[in-house]
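With this note's numbering applied, the sequence shown corresponds to residues 191 to 410, in that order.
Worth double-checking, as some hints may not be accurate.
EDC-like mimics (lysine to aspartate or glutamate), calculated; alpha carbons at most 16 angstroms apart, straight line [claimed, not checked]: (1) K289 / D384; (2) K289 / D366; (3) K289 / D235.
Label pairs and their calculated CB-CB ranges [claimed, not checked]: (4) G271 / A338: 30 to 40 angstroms; (5) T287 / H204: 27 to 37 angstroms; (6) D392 / P303: 37 to 47 angstroms.
Derived from the structure by calculation, the hints contain no laboratory data. Since this is a predicted model, take the numbers as computed values, not measurements. Idealized CB from N, CA, C, for every residue including glycine.
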Amino acid sequence: MRTITVQATIRQDHLERFLTASIANARASVATEPGCRRFDIFGDDTDPARVGFNEVYDDDGAVEAHGESAHFAAWFAATDGMADQLVWATCRSLYSTAKARRDATGERSEDPPSTGGMVVYQARISVRPEDTDGFIASVTEQARAAAAAEQGLLRFDINQNLDLATEFWLYRVHTDAAAAGDHAAAPYTAAHLDRYGGYYSDGALEPISGPNIWPPDAEW
Numbered sequence: 191m192r193t194i195t196v197q198a199t200i201r202q203d204h205l206e207r208f209l210t211a212s213i214a215n216a217r218a219s220v221a222t223e224p225g226c227r228r229f230d231i232f233g234d235d236t237d238p239a240r241v242g243f244n245e246v247y248d249d250d251g252a253v254e255a256h257g258e259s260a261h262f263a264a265w266f267a268a269t270d271g272m273a274d275q276l277v278w279a280t281c282r283s284l285y286s287t288a289k290a291r292r293d294a295t296g297e298r299s300e301d302p303p304s305t306g307g308m309v310v311y312q313a314r315i316s317v318r319p320e321d322t323d324g325f326i327a328s329v330t331e332q333a334r335a336a337a338a339a340e341q342g343l344l345r346f347d348i349n350q351n352l353d354l355a356t357e358f359w360l361y362r363v364h365t366d367a368a369a370a371g372d373h374a375a376a377p378y379t380a381a382h383l384d385r386y387g388g389y390y391s392d393g394a395l396e397p398i399s400g401p402n403i404w405p406p407d408a409e410w
């Protein structure tokens, strides 16, 4: 599996158009590319101008096919010059857990699909070379424990930059703020942070933590 991770800070006067173009690209990617498994777009609670992508593909060929698609070209042209900052990486998946979200009822509503119900977290963590193996083991232990214990955890993905083995992108999706709080307060989270918490506070790139923008709540 390959994951493309993106964090962008968008000029405020371009934000609405950026999101419109990005949602169109995401929708077309999932609908028309056999190798695109997910294309998540999310925001940040503390800075509405920050936007993140988490794109999951079968392999390198699927990533290449996405880059050659007409909808990606349209997105690239439509959003050119809108970002004050854009950081991205192509990663390999080290660990991924995904749970199906259980809705309260199976009824379909005629109202427009709601968004913003999830709490998404994406962080870039850079470690010293000598800590790489230990960090992987520790964060994987945390992810496995969280997946087993937390009903409100929908995803916990651990990705490693293909071009920089000491750079990791962590991605979590919680059903709501209470579920995110439960994860933060869990003993296995504390145990991981006791060992490697310094890496979470000394990075040059702040994590994004906030609501889902696309897909809608019911499709997570």
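Okay, the hints, checked on the actual structure:
{"no.": "1", "hint": "K289 / D384", "in the structure": "violated, 27 angstroms"}
{"no.": "2", "hint": "K289 / D366", "in the structure": "holds, 14 angstroms"}
{"no.": "3", "hint": "K289 / D235", "in the structure": "violated, 24 angstroms"}
{"no.": "4", "hint": "G271 / A338: 30 to 40 angstroms", "in the structure": "violated, 45 angstroms"}
{"no.": "5", "hint": "T287 / H204: 27 to 37 angstroms", "in the structure": "holds, 35 angstroms"}
{"no.": "6", "hint": "D392 / P303: 37 to 47 angstroms", "in the structure": "holds, 39 angstroms"}
Going through the hint list in order, the structure does not satisfy hints 1, 3, 4.
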